[in-house]
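Peer 1: Please build the complete structure, drawing on both the sequences and the hints.
Taking my numbering, the leading residue of the first sequence gets 811, the next gets one more, and so forth.
No false leads were mixed into what you were given.
DSS-like cross-link-like pairs, simulated, lysine-lysine; straight-line CA separation at most 25 Å:
id : residue 1 : residue 2
1  : Lys1098   : Lys1124
2  : Lys1018   : Lys995
3  : Lys893    : Lys933
Honestly, the hints are just simulated from the structure, not real lab data.
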Amino acid sequence: VVPCTTMVTGYGENGLVPEAEQLFQAMPFHDVVSSNAMLTALCQNGLLDEGNELFNAMEEKDLATWSCMVAAFANHGDSLHAKLLFDHMPVLNRFSCTALLAAYSQSVEVEQAKVLFDSMPEKDIVSYSSLLATYAHGGYIDEAELVFSSMPEHDIVSTTAMIDGFFQAGRLDAVTHTFEMMPQKNSCTWITMLSGFGNHGRLQAAQKLFDALPEREEVAWSAMLSSYAQNGSFQEVFRQFDELKLVRLPDESCFVSFLVACSHTGVLSSGKNCFVSMSFDFQITATKQHYCCMVDLLARVGRLEEAHDLLINKPFVAE
RNA sequence: AGAUGUAGGAUGUCGC
811 VVPCTTMVTG
821 YGENGLVPEA
831 EQLFQAMPFH
841 DVVSSNAMLT
851 ALCQNGLLDE
861 GNELFNAMEE
871 KDLATWSCMV
881 AAFANHGDSL
891 HAKLLFDHMP
901 VLNRFSCTAL
911 LAAYSQSVEV
921 EQAKVLFDSM
931 PEKDIVSYSS
941 LLATYAHGGY
951 IDEAELVFSS
961 MPEHDIVSTT
971 AMIDGFFQAG
981 RLDAVTHTFE
991 MMPQKNSCTW
1001 ITMLSGFGNH
1011 GRLQAAQKLF
1021 DALPEREEVA
1031 WSAMLSSYAQ
1041 NGSFQEVFRQ
1051 FDELKLVRLP
1061 DESCFVSFLV
1071 ACSHTGVLSS
1081 GKNCFVSMSF
1091 DFQITATKQH
1101 YCCMVDLLAR
1111 VGRLEEAHDL
1121 LINKPFVAE
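Peer 2: Quick look at the structure:
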């Protein structure tokens, strides 16, 4: 059971949920630790309903079980259920409290977060970091800086949260300084920097970061493309999208940026080709956003009937 | 004799 649990965790961390489930079913027996491992695999891969089902079916639950589930609701944006579940916990520790802090963070309830944080008997870098992120992301830059300077140590996560706060406050000088002082950075740090500069219209700075990326993963392309699209730099979107197609498969959000660029520049043929190719060549199902871009594009170039047809035939309710 | 498994914090797009 112990090696199986290790495997279930490993599968889950790498997004291999079916493999995790298969192994979990094949295990000689389940104890609370192995069930927690499976629960985590489900929740961290966005399968909240399946996770909830397993949670309800578990005969034995411990602090890890509850904390995992509270965090799952929080990360899913459902802070109401996170709080409800937290209130039903038989005992608490710093893990469960930090999970609830994340719920307060996502609903920007800074006062509640502070009260909870102050009431915690044991705090560590993760709980400090969570409070810091709540302030930083909510635009409470003074409070964020205070937490940052008073916490016992800094790591990549807390420093990246602080950078996010500086961006929210428009303190780009502090952003650059903090970034340069970091002894280590990870992909979240880079994406925070890149999209932060993009959101402030500093496209050259963003592009420079993109070029310097140690590893260009999907989110980096997505962040760069949407920065250009939102800034109206549509030629840059076309250029970057072509570059992207040479090295990896564009994801759904990259197609949105491309279609936005097509519609705003009125290039019907590229837009149409892209829309079709997305499903046929890339096996990506068109979402509401993609349909909106296409309707926009058709309408802009005067194909009102086609736009209307698409609006009628799209698999969504028109708004 | 000793050693192995699970839970909490920051990042793109859409939505809220």
